[in-house]
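The lines below spell out each chain.
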Amino acid sequence: MKKDKPDPNSVKGISRRNFLKGFGITTVGAAVFESGQATKNLKAAGLLNVSDSIPIEGAKMILYVNSKEYSVHIKPKETLAEVLREKLELTGTKTGCERGSCGACTVLIDDNPVNSCMFLAVDAVGKQITTIEGVASDENLHILQNEFIENDALQCGFCTPGMIMSSLAIIKKNPAPDDEYIRKNLSGNLCRCGTYPKVFQAVIKAAKG
Amino acid sequence: MNKKEKVSVGLPDNLREIIIEIPEDEPKPWDGKSELNYIGKRVKRIDGIDKTTGKAKYTFDVKIPGMLYAKFLRSDFPAGTISEIDLSKAQKLKGVYSVLPAQDDLPLIIRYAGQEIAAVAAETAEIAETALQQITFKHTTSDFVLSVEDAIRENAPLVYQTTVKEKTTEGDLDSSESSVVQEGNIRGPKIFPEDENAEKFDDYLRNCEVIHTAEYRTQVQTHSAMETHGVVVEWGSDDKVKVWASTQGTFSVRNDIADYFKLKYNDVRVITEFMGGGFGAKFGAGLYGIMAAKLSRATGKPVRLMLDRKGEHLSVGNRPDSLQKLSIGATKEGKIKALKLISLGTGGVGTGAGTSGPIKNIYDYEKIYVEESDVFINAGPAAAFRAPGHPQGAFALEQAIDEMAHKLGIDPLEFRRINTTGNYIRQAQYVLGAEKFGWDKRNQVPGSIKGPIKRGFGVANSVWYYIYNKGFVATVTINRRGEVQVINGVQDIGGGIGTVLAMIVAEELGLEPDQITVKIGDTDNGFGPASGGSQTTAGITPAVRNAAYKAKIRMIELAASILGITTDKVTMEGSRFSDGDDISKSLSFQQVAAKIPGDEIRVTAERRSDNLGREEIKTTIDGVQFADVTVDTGTGVVKVNRIVAVHDCGRPMDRLTLESQINGGIIQGISYALYENRILDRNTGIMVNPNLEMYKIAGARDVPQIETIIMDFNQAMNSTGAMGIGEPATIPTSAAIANAVFNAIGVRLRSLPITPDKILAALEEQSK
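Chain order of the listed sequences is F and E.
Letter by letter, the first sequence follows residues 3 to 211 of the numbering used here.
Letter by letter, the second sequence follows residues 20 to 787 of the numbering used here.
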């Protein structure tokens, strides 16, 4: 694995969101919270140089979302999904289960799909985050969005942002994904309306360009 | 005043002409010979960009300045009584604005684990969560029942001490209530036909030449929409209430809230711009809606109450389970004489467990006898779920039909054919489906394939009904710039009704769908249908077309006056208006619109009764599905390879979105057949899988190849001729899969879900 593209799934330390949340709420008197990767990221971003820790009440940090820089106050226990939705008002990212089993909250971190409900916002500092709002360029829809619309790869649309983000990761990594590859890489995204067959079509067509 | 029109009705290759009488102000209905630009074609969704860019705002996304976050405290025991609740500690927490009990008066009887006890509204979701932990209460627990078998035992603990009235929503079929009795935990039976004598019927059945009897079971399935139930309520200081709701029925939410708080309907506005799936469970305000409104009223702030995934599984609906004893009596030649169903099912603390739709409405028979009962247990309430009762009923009936065919040595499809001879739609569906599927290539002797991996084919029928309500009001406007909009309160639950409305107006006015502004999902927009019973399209489209037609007539009148001719001389080519005698004299849509007096043309039309009083209109929606499965007899894993689905739904509107709905129905059916199951812990009564990893729904790797055949069936019973598809498509899938499993391994799986352990146990049993 290249050093400049850390795999977000292999973040060291604790990544179980609920554990962290519980820890955050119940720890009284502990003024600091340690997250190895987060502090490294902060240091790398030049945002943390006094202490090796993030205060439990949070701190102002920079998030790179959709090629924009956001200065935002983040608490160590906050998930990326919460920060995106509540603080940056990027509500395109949905949450459907809050425990990483439905994929509605999928975003890309350095081109890797991640369940943002299971990913701490502080761990995303210094990385490139892409949400559904950043998929289209100013003027034009991304080919994947076009193919989703053309093939009717959506019904109620609630899973669609996550589905598109996972699909985007697919076509970024594999220029000619076959059916099996697509299914495997979409297996973390649930669609209760049952639109999968058309999603597969859309991804194949988008990959072909 | 009425006018007469000649229309072509029937299936495309067998159209016949009839004369119908329609109101003067309605257009000639679209029929089998109409050549249309958009209707019946594949038109992409008008809200595709919003949904693929993250712009689409769901109730889940609504954020208003000052908005509070509300959460429920739920019971973690299935039965008991709460005599005191102490909310004071929670109320004192910083950031907590209001804490209210779920029921105003105590005691609060708890009937299932997950029942709401109190609700908190706080500055953040996190504070609300913390506050819930500060609520204490005094309670006693009592004995509980968790299954139909336990609940019908003598001296079983009673779920209710009082008589329960059936609650129905727009998602349920009408049920006749009068004669239903409740004894113990059993509510019923409802008997059909009401005057049938059980003993006489049994005599008749016994005398049939060939009899098949077996028991079939289905499980509880939860709706599991991706967007949970919920609302944002803004109770204004003027007592006007604005509600954003994730609902299938904006007007039912309005009515519930206005009725509960004794407000004027006109003072409650419900908005559903986008909603993330409902499948039957999202009608009315629900306790969450009422509590959010109470909290908003109490705090003077907007309140967001969206359920979490666990609350969603526990408290806002499910498909009841069933235990069906089904008998078929037939002649040796294969004619069905008698059908009998004894059905028990539980909707937890709710009702609606009947399963008799399929057995009553698919096959020809001489005599039928049905007894069906609701059984109460200590579990969350059922709600209408995509074709209430029908997947359960079809799972039993369609397997029983298969078993009877097997017993008689008749091909299962042939057996279906000879017992539905009066239904020419079905007969055509069998032929189309069998050919597309390759039914003739099926393994003739079930279980005869050598080796551990066995492949099998199965078939099953579905039935649903042409349902519509009246009184919906559609508005079409054309302004002086030639901008057109269509307005109605109906919500789009994912079926794409907004797109269909744009298509209809575009078709009528000679415009393109993306030129039409669609305003829906708001009770201020005029009465629209609730999306239940597959009636949305059938309900609203005739009103929309009729309104567009009226607007067109106004434009023609205007064009005539500009051209200085009489209206009957005006011809329309696309959206251009011409002098029929001299087509060089013509006006564009914009040119005519520019002369609109005042600001706009605004016309409304109401959904009226169909053009009845001529011949009978076919009111069933039929379908047949074929399944191709592989069973690994070593692991017990069933894989669905392919489904071919043939359905009719009147005149198709948007074939693209229609196909998506059928795909979705089938995939939900596969999920029901193989994976989904609400599991209650026997010792505690607590659901052990209230999430989306242990409660399994079909994912990308579980989806087979799906081929749909949509039959165009024109009845010209109103101006659009549309019927519904949302529900029919999910009805026969689990039965077709079960029949295919039998064809593969030669053993019947009469219990859902068909999990590997059941397959292995059945094979073990067979080998004994």
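No wet-lab data here; the hints were simulated from the structure.
One thing to keep in mind: the hints can contain errors.
If you want the footprint, here are the derived chain F segments under chain E, 3+ residues with CB under 8 Å [unchecked claim]:
1. 58-72
2. 90-99
3. 103-109
4. 115-124
5. 144-153
6. 170-180
Listed below are the simulated EDC-like cross-link pairs for lysine to aspartate or glutamate, each with C-alpha atoms no more than 16 Å apart in a straight line [unchecked claim]:
7. E/Lys-23 / E/Glu-45
8. E/Lys-386 / E/Glu-145
9. F/Lys-89 / E/Glu-145
10. E/Lys-74 / F/Glu-91
11. E/Lys-82 / F/Glu-88
12. E/Lys-52 / E/Asp-32
13. E/Lys-76 / F/Glu-91
14. F/Lys-89 / E/Glu-142
15. E/Lys-82 / F/Glu-91
16. F/Lys-210 / F/Glu-152
17. E/Lys-356 / E/Glu-135
18. E/Lys-658 / F/Glu-91
19. E/Lys-329 / E/Glu-135
20. F/Lys-77 / E/Glu-145
21. E/Lys-356 / E/Asp-222
22. E/Lys-60 / F/Glu-88
23. E/Lys-76 / F/Glu-88
24. E/Lys-455 / E/Asp-222
25. E/Lys-60 / E/Asp-731
26. E/Lys-614 / E/Glu-502
27. E/Lys-63 / F/Glu-152
28. E/Lys-74 / F/Asp-140
29. E/Lys-74 / F/Glu-141
30. F/Lys-186 / E/Asp-721
Keep in mind that this is a model prediction, so the values were computed, not measured.
Glycine included, every Cβ here is placed at the ideal spot set by N, Cα and C.
Tested hints:
1. Under a criterion of three residues with beta carbons nearer than 8 Å to beta carbons of chain E, the stated coverage of the segment 58-72 of chain F fails, only 0 such residues being counted.
2. Evaluation of the coverage hint for the segment 90-99 of chain F: fulfilled, as 8 residues show C-beta separations to chain E shorter than 8 Å, against a requirement of three.
3. Closer than 8 Å: that is the beta-carbon criterion, and the segment 103-109 of chain F has 3 residues meeting it against chain E, so the requirement of 3 holds.
4. Closer than 8 Å: that is the beta-carbon criterion, and the segment 115-124 of chain F has 0 residues meeting it against chain E, so the requirement of 3 is violated.
5. Look at the segment 144-153 of chain F against chain E: 4 of its residues bring a Cβ nearer than 8 Å to a Cβ of that chain, three or more, so the hint holds.
6. Under the rule that three or more residues need a Cβ within less than 8 Å of chain E, the assignment of the segment 170-180 of chain F is violated, with 0 such residues.
7. Of the pairs offered as hints, the one joining E/Lys-23 and E/Glu-45 holds, with about 11 Å between alpha carbons and a cut-off of 16 Å not exceeded.
8. For a cut-off of 16 Å, the pair hint linking E/Lys-386 to E/Glu-145 is broken: about 61 Å separates their Cα positions.
9. Straight-line distance between C-alpha atoms of F/Lys-89 and E/Glu-145 comes to about 15 Å, which keeps the hinted pair within the 16 Å bound.
10. Under the criterion of a C-alpha separation no larger than 16 Å, the hint pairing E/Lys-74 with F/Glu-91 is consistent with the structure, at around 11 Å.
11. In summary, the hint linking E/Lys-82 to F/Glu-88 is supported, as the alpha carbons are separated by about 9 Å, within the 16 Å threshold.
12. Note on E/Lys-52 and E/Asp-32: the hinted pairing holds, with a Cα-Cα distance of about 11 Å set against a maximum of 16 Å.
13. For the hint pairing E/Lys-76 with F/Glu-91, the CA-to-CA distance comes to about 11 Å; that is within 16 Å, so the pair holds.
14. As the CA atoms of F/Lys-89 and E/Glu-142 are separated by approximately 14 Å, the hinted pair is consistent with the 16 Å bound.
15. Straight-line distance between C-alpha atoms of E/Lys-82 and F/Glu-91 comes to about 9 Å, which keeps the hinted pair within the 16 Å bound.
16. Between the alpha carbons of F/Lys-210 and F/Glu-152 the distance comes to roughly 15 Å, so the proposed pair stays at or under 16 Å and holds.
17. Restraint check for E/Lys-356 and E/Glu-135: the C-alpha separation of about 49 Å exceeds 16 Å, so the hint is violated.
18. For the suggested pair E/Lys-658 and F/Glu-91, the alpha carbons sit about 42 Å apart, so the restraint of at most 16 Å is broken.
19. Restraint check: the Cα-Cα separation between E/Lys-329 and E/Glu-135 comes to about 12 Å, which is no more than 16 Å; the hinted pair holds.
20. The straight-line distance between the Cα atoms of F/Lys-77 and E/Glu-145 is roughly 13 Å, inside the 16 Å bound, and the hint therefore holds.
21. As the CA atoms of E/Lys-356 and E/Asp-222 are separated by approximately 12 Å, the hinted pair is consistent with the 16 Å bound.
22. Under the criterion of a C-alpha separation no larger than 16 Å, the hint pairing E/Lys-60 with F/Glu-88 is inconsistent with the structure, at around 41 Å.
23. Between E/Lys-76 and F/Glu-88 the CA atoms are separated by roughly 14 Å; this keeps the pair inside 16 Å, and the hint holds.
24. A C-alpha spacing of about 42 Å is found between E/Lys-455 and E/Asp-222, which places the hinted pair above 16 Å, so the restraint is violated.
25. Between E/Lys-60 and E/Asp-731 the CA atoms are separated by roughly 12 Å; this keeps the pair inside 16 Å, and the hint holds.
26. Proximity of E/Lys-614 to E/Glu-502 is assessed by CA-CA distance (about 13 Å); at most 16 Å being required, the pair is judged to hold.
27. With a CA separation close to 6 Å, the supplied pair E/Lys-63 and F/Glu-152 stays within the 16 Å bound.
28. With a C-alpha separation of about 14 Å, the suggested pairing of E/Lys-74 with F/Asp-140 holds against the 16 Å cut-off.
29. A distance of roughly 15 Å separates the Cα atoms of E/Lys-74 and F/Glu-141; the hinted pair therefore holds under the 16 Å criterion.
30. A threshold of 16 Å between alpha carbons decides the hint, and for F/Lys-186 with E/Asp-721 the separation of about 10 Å falls inside it, so the pair holds.
Checked against the numbered hints listed earlier, the structure breaks hints 1, 4, 6, 8, 17, 18, 22, 24; every other hint is satisfied.
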